[in-house]
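For chain R, the structure is supplied; the task is to place chain B on it using the hints.
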Amino acid sequence: MLYLYAIINRPTAPLPPNTGLGGQPVQCSAWGEVAAIYSHHEGPAPRPEAAHLWRHEEVVERLLDGRGVLPVRFGALLPDEAALLALLGERHDRFVAGLARVAGRVEVSVRALWSAEAPLPVSRPAEAENGRAYLARRMAEAQAREARLREARQRAGALHAALNELAAAHTHQVLPHECILLSAAYLIPREAIDPFRATVGALGAANPDLRLLCTGPWPAYHFVEGE
Amino acid sequence: MPEHLVVEREVTLLDLLDRILDKGVIISGDITISVANVDLIYLGLRLLLTSVDNLEAIRTGIPALPATPGQA
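In order, the protein sequences belong to chains R and B. Here the first sequence stands for residues 0 to 226, where the numbers follow numbering that gives the first Met the number 0. Here the second sequence stands for residues 0 to 71, where the numbers follow numbering that gives the first Met the number 0.
The following block holds chain R by itself, in its conformation from the complex:
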């Protein structure tokens, strides 16, 4: 079987040696303008263990050196080289378009979390609370909660607007969870990594009640569209 790591443009020079899953040498087969990066694999499908995941990731990251790379999801096996070439032939034009979109660009991830517990309003019942007081308290709670969510959405929107300025594309979710204001991935030019990090740093300094977690550069996993 062949285990797949990535799709790249047909290389113009031999790729530097690289070691894949199970210590197998990484190989490259081209069809038309595109090529697949793979290694031989024996036995059952690789399990999603940390060591295997990082090995897959490292193989893909070592390809990133200036070229467009479409990372393949973990666990893709093909029976042989004929099947691999058939895949490249069949999806050739989509791969070419996808590679053009990510060439020279990397993905960066940003999460904005509350530094402390999400400040949800919680009130305590007064002793011997009557029905009217109970309802009033519950209504005040609901209103306070709505106001907090509105504010969070507004702040997440402002963070995203600032981060998105350097991006060619993005995927983002505002308030996917009460603890998380913003969860986003940005496709940015490789040379914009430092300015992007500086923007994250400035936003972090301006929002001391938030914790901004930024990881990357990653291969453009979020910006592979149906290839």
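Think of the hints as simulated: they come from the structure by calculation, not from any bench. Take these hints with a grain of salt, some might be off.
Interface residues of chain R toward chain B, partial, derived using beta-carbon atoms under 10 Å [said to hold, decoys possible]:
#1 V59
#2 L69
#3 R72
#4 A81
#5 R110
#6 T214
Incomplete in silico selection of chain B near chain R, CB under 7 Å [claimed, not checked]:
#7 V10
#8 T11
#9 D14
#10 L15
#11 R18
#12 I19
#13 L20
#14 K22
#15 G23
#16 V24
#17 I25
Simulated restraints on C-beta separations [what the hints assert, rightly or not]:
#18 R:G21 with B:R8: 18 to 26 Å
#19 B:R8 with R:E140: 34 to 42 Å
#20 R:A135 with B:R8: 44 to 52 Å
#21 B:R8 with R:S114: 15 to 23 Å
#22 B:R8 with R:A161: 21 to 29 Å
#23 B:R8 with R:R149: 28 to 36 Å
Even glycine gets a Cβ: it sits at the ideal position worked out from N, Cα and C.
Below, chain B without anything else, positioned relative to chain R:
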């Protein structure tokens, strides 16, 4: 290890999982790993904060607080 490094390492691993298992080119015949539509940071946040709590506990000798159900 300083707490911020632990958090950074864990977040990077969660981000890797979120990408490598759930995004990227799909080849027919992939292993199906059922993480689709699950925000791993959402799941992992609890583990992450728990692990930082544990770290704090190891340092101070005080056991970490049990996780509060229904908050994550």
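Results for each hint:
1. Hint status for R:V59 relative to chain B: holds, with the closest Cβ pair at about 9 Å, below 10 Å.
2. At about 5 Å, the closest approach between the beta carbon of R:L69 and any beta carbon in chain B falls short of 10 Å, and the interface hint on this residue holds.
3. At about 4 Å, the closest approach between the beta carbon of R:R72 and any beta carbon in chain B falls short of 10 Å, and the interface hint on this residue holds.
4. Hint status for R:A81: violated, given a least beta-carbon distance of 14 Å to chain B, over 10 Å.
5. The interface hint given for R:R110 is met, as the beta carbon of that residue sits about 6 Å from the closest beta carbon of chain B, less than 10 Å.
6. With its C-beta approaching chain B no nearer than about 5 Å, R:T214 sits inside the 10 Å limit, and its interface hint holds.
7. For B:V10, the interface hint holds, the least distance from its beta-carbon to any beta-carbon of chain R being 5 Å, beneath 7 Å.
8. A cut of 7 Å between beta carbons decides the hint on B:T11: the least distance to chain R is about 5 Å, and the hint holds.
9. The restraint placing B:D14 at the interface with chain R holds, with a minimum CB-CB distance near 5 Å, inside the 7 Å limit.
10. For B:L15, the shortest C-beta to C-beta distance to chain R is roughly 6 Å, which falls under 7 Å, so the interface hint holds.
11. With a cut of 7 Å, the hint placing B:R18 at the interface with chain R holds, because the nearest CB-to-CB distance is about 4 Å.
12. The beta carbon of B:I19 is positioned within 7 Å of a beta carbon in chain R (closest approach about 5 Å), and the interface hint is therefore held.
13. Hint status for B:L20 relative to chain R: holds, with the closest Cβ pair at about 6 Å, below 7 Å.
14. Interface hint status for B:K22: upheld, as the beta-carbon distance to the closest one in chain R is roughly 4 Å, under 7 Å.
15. The interface hint given for B:G23 holds, since its Cβ lies 4 Å from the closest Cβ of chain R, which is under the 7 Å cut-off.
16. Below 7 Å, beta-carbon pairs count as interface contacts, and B:V24 has one with chain R at about 5 Å; its hint therefore holds.
17. Among the interface hints, the one on B:I25 holds; its C-beta lies about 6 Å from the nearest C-beta in chain R, closer than the 7 Å criterion.
18. Taking the beta carbon of each, R:G21 and B:R8 are about 25 Å apart, inside 18 to 26 Å as hinted.
19. For the hinted restraint 34 to 42 Å between B:R8 and R:E140, the CB-CB distance of approximately 38 Å keeps it satisfied.
20. Judged by the Cβ atoms, the range 44 to 52 Å given for R:A135 and B:R8 holds: they are separated by roughly 47 Å.
21. Range check, B:R8 to R:S114: Cβ separation about 19 Å, and the 15 to 23 Å hint holds.
22. The hinted range of 21 to 29 Å is satisfied by B:R8 and R:A161, whose Cβ atoms lie roughly 26 Å apart.
23. A hinted range of 28 to 36 Å holds for the C-beta pair B:R8 and R:R149, which are about 34 Å apart.
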